[in-house]
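*Asks:* This is what each chain is made of:
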Amino acid sequence: MLETNKHIEQKDFVLSVEGLTVSFDGFKAVSDLSLYVEEQEIRVIIGPNGAGKTTVLDLICGRTKATEGSIKFKGKELTRMNEHQIVHAGIGRKFQTPSIYEDLTVFENLELSYPRGRNVWGALTFRRDQQVIDKVIEIAEMIFLADKLDMSADLLSHGQKQWLEIGMLLIQDPELLMLDEPVAGMSVSERQQTAALLQKITKDRSVLVIEHDMQFVADIADRVTVLHQGKVLSEGSMERVQNDPKVIEVYLGH
Amino acid sequence: MNFIAHLFARYQLSHMLILALLLIVVLPLSMDIFRLNLIGKYLTYAFVAIGLVLCWGYGGILSLGQGVFFGLGGYCMAMFLKLEASSPENTAIQTTPGIPDFMDWNQLTELPWFWEPFHSFGFTLLAIILVPAFFAFVVTVAMFKRRVGGVYFAIITQAVAAILTILIIGQQGYTGGVNGITDLRTLHGWDIRTDEAKYILYFVCVALLFVCLFIGKYVINSKLGRLLVAMREREDRVRFSGYDVSAFKIFIFCLASVFSAIGGAMFTLQIGFMSPTFVGIVPSIEMVIFCAVGGRLSLLGAVYGALLVNAAKTSFSESFPELWLFAMGALFIGVVMAFPNGLAGVWTTYIEPRLPARLRSPVPPSTIPAVAVTTTAETSSTPSANPTVEHRHAGN
Amino acid sequence: MFADYTMTELTSIFAMQGFAGLTLFSVFVLMALGLAIIFGQMGVINMAHGEFMILGAYTTYLTSNVFSSYLPESLYSLYFFVALILAFLAAGALGAFIEWAMIRHLYKRPLDTLLATWGLSLIMQQLYRTIFGPREVGVTLPDWLMGSIALTDMVEIPINGLFVMAITLVVAVGVGLTMQKSRLGKQTRAVVQNRPMASAVGINTARVDRLTFALGCGIAGIAGAAFTMIGSTGPTSGQLYIVDTFLVVVFGGASSLVGTIASAFTISQAQSTMEFFLSGSMAKVLTLLVVVGILMLRPQGLFSLKIRK
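Chains as they are written, first to last, in the working numbering: chain R, 1 to 254; chain W, 255 to 650; chain S, 651 to 959.
Source of the hints: derived by calculation from the structure; they are not laboratory data.
Quick reminder that beta carbons are idealized off the backbone N, C-alpha and C, glycines included.
There could be a bad hint or two in this list.
Claimed, not checked - Computed from the model, here is a short list of chain R residues facing chain W with C-beta under 8 Å:
1) 75
2) 81
3) 84
4) 97
5) 99
6) 101
7) 104
8) 124
9) 172
Said to hold, decoys possible - Here are the in silico distance ranges between beta carbons for each label pair:
10) 943/S - 97/R: 47 to 55 Å
11) 881/S - 292/W: 32 to 40 Å
12) 272/W - 716/S: 25 to 33 Å
13) 272/W - 127/R: 50 to 58 Å
14) 751/S - 18/R: 53 to 61 Å
15) 472/W - 751/S: 35 to 43 Å
16) 751/S - 609/W: 30 to 38 Å
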């Protein structure tokens, strides 16, 4: 472990998490965790329930405040920033259950996520110009929803809602995309489409994914990090992780 | 032509025109000045109700302290008028001439410092806008930054209303106490008590109301309006789309407060006094019901709600005073349980579908389902409110 | 400020004010306990809580009238205990009915509950006014509750105040035990923490909600009965306390009964001590301002749990 860390520290990291700890009334959900993500890397975090996977994403995007440790994104310290500042820095986050605006149309969902007019004055004077419309249509085609732009978002299927949320992140053009179980509850064909989508959108950005579906993980992951009880248990290629006796112990031992 | 048609749709101009016709032509022609003055009074509450549509209906922020801002606006105006009415000639019989009569009764011998600037009408007009906006900012900034919302916020605003009322009543030497600031006469020498003045003030009030309606409509139609709807549903998602949610909430709350304050100032001008009875908990929550009756998502509905509830209140109180509280109570329960979208909801669900297509308006972004009072199945009533959710929320 | 008083006088003043504060504290606790159960456990804002309290007060008033008119005088000294039970039952039964007719439909819309219960409070106030008249009514205290105990020449402790404190103590301990030990208490806490799970293990959550709401209202009824011992009752007496009580509950950290009691103690003591130095209204303004100020900076209240999301 230590050796690999030393080895990769020489490269350029988009995200470096070091010594991250958070405790809830004494219970350490994440404990002294370190994690490095390279540019254009797809990193998948796996681990049993309660391992602290979602908490790690919460910590990075500022939803939960860390007790100790540092999170550096392109040299900026995130632990002291607010959620919206972290988004402005270039991080996008998808939630586990699709989190979209069901009262609004697909177009409006994407439009609201378009990164312009993000303060009060900007929102009051925002105009739906051709640039916005073009971008919305471009993203909608990417997420297979081009023909549903005027549909109210609550009429979409579960899988389509997941895509819409991914699209809402894409329109922000983040450098680091964090996805919490993006294919949960999707049909087989939807999973394949999503995997293709992810491959396509990661060309110029890094992605951090939490996933349980091992086939899906094997399909997309550059590298895999296994979390267990808030600590990194193992890290490396899918093959290496699958053969790590510690991982086998945790997954099969109980 | 296209542009005008676009404006018509965007601002529901046809509905606006009907209201304008009613307020500018029908009511003034059909009523004597006493009744019209009453309508003017009801319209001052409509300012508050419009503000509540923005912050409660769209923003999901229920304030039970809008009377505070109504009162601040009203008191600013009253202080100016009172100073003009307390010229040394008018108050020659006092121990200290030149200060308001209630100060003299309370053994004050000079004008308190915070009264001094209200000699200037320009300052007063600015204060009517800025004092409530600043106060609203102070009240909300700490709380919205800490993600306090929902019922917590409602309780705090209610406490603020209680505090201000007790303060005004307790400090009668400075504020006129429980009687308020009365006996207001002239504005720059123009007697506001004559019938002619009342007509003019009524039309000023209507004009200002339409200014507020258009501002409100503009805000709702802007991206900010859609963000408010989005925030009500998925606050976290808005935050993670890169918006500072608290800034939007503070803005909409301050805007609502300024509307209320304009209403308060117009109240003082038209009725000729301001007192703590319009500041406290009871009037504040009544203002919410004006908004709820009209429809919490409809700006125009709020105006009709304020007019109808107040007209009902006046006629009830004239003929069956003891029944009014029953009616009011029933109104609260009935609107919330059976017609959560108020008159505007009744209009869009029951009346409009029967109208010719060109008279219809775009569907409002969201409506709240009414309670099926006849429900007997236990499952349909399974509560999902989890108090700890909000609590955790507040704990961050 | 203190120069005019001797040391013993000052001590006695503080003792007397402290005691007055304790009586206020008792009423706060009794009202706040019911509210804390309903708000803290269920997340429901009951704006008619004050009117449920007044229902208890009027029940006590009626009971005392019945005792003095129809029953032998020797029994009169006992009427209050009967009234306590009746007040609890009356307010609790009405609470259960209101939960069934109104509250349960609105659990998903807490702000609307607030408005609907406000409407209920208006109706109840007008009902009281129609039935009992607009004037305040009082009960005749039994002989054993009159008078006071003289501790020193200057410090006198009124017996009725002591009695109210005793009731408060009994109710607080009772509520604490109910919530911690009884089946209903455990079920309530289970429902609060995880409603679907509680429902899945066979807890009738609708019934638990109804009983919890009724219990909270019943305690308000007891508060009303106790209230008659120290003051008279009018149709709008309940409304006077509602804001203070909500602040007490929120200030204490909504889901913590210990927090509620601690916060009731802090607020009542601060207010009654300041009342001696300032006018009554300024003392209240200052107390409320401090509480609101603290809540703005620490919205979770005095006692709270940090929970993993």
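*Asks:* Hint by hint, say whether it matches the structure.
*Replies:* Tested hints:
1. Annotation: interface hint on residue 75/R violated; nearest CB of chain W at approximately 20 Å, more than 8 Å.
2. Because the smallest distance between the Cβ of residue 81/R and any Cβ of chain W comes to about 12 Å, over 8 Å, the interface hint for this residue is violated.
3. At its closest, the beta carbon of residue 84/R sits 5 Å from a beta carbon of chain W; the interface hint therefore holds under the 8 Å criterion.
4. With 8 Å as the threshold, the beta carbon of residue 97/R stays out of range of chain W, its nearest partner Cβ sitting at about 11 Å, so the hint is violated.
5. Proximity of residue 99/R to chain W holds as hinted, the smallest CB-CB distance being about 4 Å (cut-off 8 Å).
6. A least Cβ separation of about 4 Å between residue 101/R and chain W falls short of the 8 Å threshold, and the interface hint therefore holds.
7. Interface restraint check for residue 104/R: the shortest CB-CB distance to chain W comes to about 6 Å, inside 8 Å, so the restraint holds.
8. Taken as an interface hint, residue 124/R checks out: its beta carbon lies about 5 Å from the nearest beta carbon of chain W, inside 8 Å.
9. A hinted interface residue such as residue 172/R counts as satisfied when its beta carbon comes closer than 8 Å to some beta carbon of chain W; here the least separation is about 7 Å, so the hint holds.
10. Between residue 943/S and residue 97/R the C-beta distance comes to about 38 Å, which lies outside the given range of 47 to 55 Å.
11. Residue 881/S and residue 292/W have their C-beta atoms about 39 Å apart, which keeps the hinted 32 to 40 Å range intact.
12. For the hinted restraint 25 to 33 Å between residue 272/W and residue 716/S, the CB-CB distance of approximately 60 Å leaves it violated.
13. The hint said 50 to 58 Å for the Cβ distance between residue 272/W and residue 127/R, and at roughly 30 Å that hint is violated.
14. For residue 751/S paired with residue 18/R, a C-beta distance near 58 Å keeps the hint of 53 to 61 Å intact.
15. Checked against the given bound of 35 to 43 Å, the beta carbons of residue 472/W and residue 751/S, roughly 42 Å apart, stay inside it.
16. About 36 Å separates the C-beta atoms of residue 751/S and residue 609/W, a value consistent with the hinted range of 30 to 38 Å.
Checked against the numbered hints given earlier, this structure breaks hints 1, 2, 4, 10, 12 and 13; the rest are met.
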